[in-house]
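**Student:** Read off the chains here:
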Amino acid sequence: MIAGVVAVVLLLAIAAYACAGGTDYGAGFWDLTAGGAERGKRPRWLIDHAMAPVWEVNNVWLIFVLVIMWTGFPVFFQQVFTTMWLPLVLAAVGIVLRGAGFALRKPTRRLAGRRLYGAVFAVSSLLTPFFLGAAVGGVASGRVTATTQASTDAWANPTSLLFGLLAIAATALLGAVFLAADARRFAVPDLDGYFRRRALGALAVVAALAVITLAVTHGDAPHVWHGLTHGVGLVFVIVAALGTLATAWLLTRPSAAWSRVTAVGVVASAVIAWGMAQRPYLVPTSLTVAEGAGAHTTLRWLAFVTLVAVVLIVPAVVFLYWLDTHGELEGLTDADLRRGAVDDRE
Amino acid sequence: MHTALLLADVPPQTLPARSMMAFTLASHIILVPLGVALPLITLIMHGYGLRRSDPTALLLARRWSAVMAVQFAIGVVTGTVLSFEFGLLWPGMMGRWGDVFGIGFGVEAWAFFLEAVLIAIYLYGWRRLPSRTHFLLGLPLPFAALLGAFGILAANSWMNTPRGFTLDSAGNPVDVKIWKAIFTPMFGPQYWHFVVAMFVTAGYVVAGVYAVGRLRGRRDRYHRLGFTIPFTLAAVLTPVQFVLGDSIARQVFHKQPVKFAAMEIVWTTDTHQPEYLFGRLHPNGTISGGIKIPQLDSILAGFHADTKVTGLTSVPASDRPTATQATIAHWAFDTMVGIGSLLVLLALWYAAMWLLRRRMPASPWFFRCAAVAGVASVVAVECGWITTEVGRQPWIVYQNMRVAEAVTATRSTSLWIMFGLVVVVYVFVFGSFLAVLLKMRTRWRLADETGGPRTPEETPETDTPYGPRSAGSRP
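Residue numbers (my numbering), protein chains in the order written: chain Y, 252 to 597; chain B, 16 to 490.
Simulated from the structure, these hints should not be mistaken for laboratory data.
Glycine included, C-beta positions come from ideal geometry on N, C-alpha and C.
Careful: at least some of the hints might be erroneous.
Claimed, not checked - Using C-beta positions, here's what the derived DEER-type ranges look like:
id: 1; chain 1: B; residue 1: A424; chain 2: Y; residue 2: P473; range: 27 to 33 Å
id: 2; chain 1: B; residue 1: V438; chain 2: Y; residue 2: T396; range: 29 to 35 Å
id: 3; chain 1: B; residue 1: G435; chain 2: Y; residue 2: T480; range: 42 to 48 Å
id: 4; chain 1: B; residue 1: T243; chain 2: Y; residue 2: W509; range: 49 to 55 Å
id: 5; chain 1: Y; residue 1: P440; chain 2: B; residue 2: L30; range: 57 to 63 Å
id: 6; chain 1: Y; residue 1: T536; chain 2: B; residue 2: L154; range: 28 to 34 Å
id: 7; chain 1: Y; residue 1: P566; chain 2: B; residue 2: R147; range: 19 to 25 Å
id: 8; chain 1: B; residue 1: G446; chain 2: Y; residue 2: K292; range: 25 to 31 Å
id: 9; chain 1: B; residue 1: A424; chain 2: Y; residue 2: T480; range: 35 to 41 Å
id: 10; chain 1: Y; residue 1: P566; chain 2: B; residue 2: W369; range: 42 to 48 Å
id: 11; chain 1: Y; residue 1: P440; chain 2: B; residue 2: F198; range: 56 to 62 Å
As the list claims (entries may be wrong) - Here are a few chain B residues that sit away from chain Y, every Cβ distance over 10 Å (derived from the structure):
id: 12; residue: G107
id: 13; residue: G117
id: 14; residue: R147
id: 15; residue: A164
id: 16; residue: G203
id: 17; residue: V210
id: 18; residue: T247
id: 19; residue: W282
id: 20; residue: F381
id: 21; residue: T423
id: 22; residue: T428
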């Protein structure tokens, strides 16, 4: 019972990371595809300004996912990290490069330096979600087992490949939808249109990849396929499909209000659909939630710690996002870091 | 012959895995003092500036938070790498013990989350939030940092003195008692020793920057204030840390006698143990080099020369650090204690001048020492960590799991390649981090020297390129 609760917490944390982290990776995706220094200047400005205040928060979700995994389901954690060794190493390296590239690009002034850090940031924004997606695909298709050692088959297989691509497409979708909203907030209509077109493109790719993935899981991950086409899993698949349609419709409306909500809904319901489809397994047909669960006392405490944290943190996060979307948060500029800056601004 | 057998038991993955963990942790630790303590130091400066309406103090606080922004972001990524490494390098430990000691990490993860939220509000709130609200929103930051440290130290002290479980017939932990697993015997001493170390180190590091400025002839109020506040905080806490350090060493003596034996290179259990300052332990138990002080080790451990100190040979060779490991732990320990003692002298010098002359020391030698104190305290932090980790060998979970049992089964070649990759990436990241800090400093100094109202020479990136948010157009 308590193991099930913690498993749901884990799934929700993964969904939160997919949405928050995904938006962030998506910004990197559009940074990469924004073109040369001149052409991509304005989109890149927007990307820097839009994501800076919430960058760390978005990425801390991942740490939380890992902690729940090893505290709540130690055996599962051990198996995943043994079998999926290579993709996870590459994802970790990608995270370092990406974070460093992002953090260091801002204070760098010279174009060559900004280019280098920018390129590092953008390329790793693409690789990290791919490899994380591939690792999830390996879990979904039951390739993570107690006996398997790290092997390429565990992650270089149709399900992993598609999960990886789907992860990239989903981040691109979220990134574009949020950047379009930021462009509206900053009142830059041309960038609004720019990112809306890209959001629609990404949405089409997500939909196409999702259909292909569903078809592939039929043979490659039968348990997940069954779960996705029946019961709760199916409900979330339908929600995701409806969300896709709603997002497409909203993006073509003049105001595009609520498009962020529906886009997040698409990605979150897709992740939850996958989690529900896996029931009752952590790794389909070899490790159930009950078998993989840690000690009961620990799980109860983990649930308790989570509850306390939610009470403390949800208001804080909501407040942060509220401040951010209301334009209350702004980085210090050089002008603020000079003497006399205070007097200038009373 | 015997050592050859022992080495054969250790899988080839152990060396690269251990090297990588050591390298990434040693790098991360450099950022930790600033991560834990810089918010408090900045808030003190910020509060001082608000109270006295002091533009210089507010400028310092703003600049420090600009540094905090870069440092915190790098800390997030190096910290994330560490969480990955638990699985990538030590799946055996996490698989068996994750549910026993992982709850600390659960607390830490949420605390860190809260810290990230608060730090984002603080860093990006300077321009638009009302100044009082902005300051008040920053106030919970140091507490979130302390809570995060609580989680990490709970996990590490559990590895040193594991409690809160019983083993079933198959050797798996059952009957987990969370409370006992968090508050293990070493937790209290380790936590306070660590937290105070973070404040002392961050204080000396920040003050060191302005000490260098002073040595180069910059004696204005900006440099004086930037030096005084962090240095005073560190100087007040240094003697406290000395007492805490002394107490944790005695706790180790009681709770982890074999580690204590390694730290003091004690070979056979006996009373009237001499203290060695440095020196090298050989596998046959002899010690070469170093300064020998008769009786002192026993006196330090138990206030009496008759105190019996456990030696390394009290346990089989397979259950204790090797002679080389013991020597490493011993050198790290002595270096840490040496640096700590010198810092106490520096703090006393500072205190004496304030008490007797009511002013800061003026001697350039004082500022030379203060400039070195920052680096020295980072070295001391690294040494303390080496002492506790190397002194625990060959155990990853003291007396319950060996490092060799916990290590991943991935081929050692892959691990070496990953290690190489990580080194390259980290050199790039930390090199760039340093370059960015130096560049910020140069920019600020140039801006200060030209002085006066701001000139419109900023590159366009520094300002919002569009919309009504540009600072210039604010109402």
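**Student:** Give a verdict on every hint.
**Tutor:** Evaluated hints:
1. B/A424 - Y/P473: 27 to 33 Å: Holds, since B/A424 and Y/P473 (Cβ atoms, about 29 Å apart) stay within the stated range.
2. B/V438 - Y/T396: 29 to 35 Å: 32 Å, holds
3. B/G435 - Y/T480: 42 to 48 Å: Since B/G435 and Y/T480 have Cβ atoms about 46 Å apart, the given range 42 to 48 Å holds.
4. B/T243 - Y/W509: 49 to 55 Å: For B/T243 and Y/W509 the Cβ distance comes to about 53 Å; the hint holds.
5. Y/P440 - B/L30: 57 to 63 Å: Holds, since Y/P440 and B/L30 (Cβ atoms, about 59 Å apart) stay within the stated range.
6. Y/T536 - B/L154: 28 to 34 Å: 52 Å, violated
7. Y/P566 - B/R147: 19 to 25 Å: 20 Å, holds
8. B/G446 - Y/K292: 25 to 31 Å: Holds, since B/G446 and Y/K292 (Cβ atoms, about 27 Å apart) stay within the stated range.
9. B/A424 - Y/T480: 35 to 41 Å: 37 Å, holds
10. Y/P566 - B/W369: 42 to 48 Å: At 43 Å between Cβs, range holds.
11. Y/P440 - B/F198: 56 to 62 Å: This hint holds: roughly 59 Å between Cβ atoms.
12. G107: Non-interface label fails for B/G107: nearest chain Y Cβ at 7 Å, not farther than 10 Å.
13. G117: 3 Å, violated
14. R147: 14 Å, holds
15. A164: 15 Å, holds
16. G203: 20 Å, holds
17. V210: Given that every Cβ of chain Y is farther than 10 Å from that of B/V210, nearest at about 21 Å, it holds.
18. T247: Fine: 23 Å to the nearest Cβ keeps B/T247 off the interface.
19. W282: 38 Å, holds
20. F381: Since the minimum Cβ distance to chain Y is about 27 Å, B/F381 lies beyond 10 Å and the statement holds.
21. T423: 6 Å, violated
22. T428: 12 Å, holds
Going down the numbered hints, you'll see the structure goes against 6, 12, 13, 21, while the others check out.
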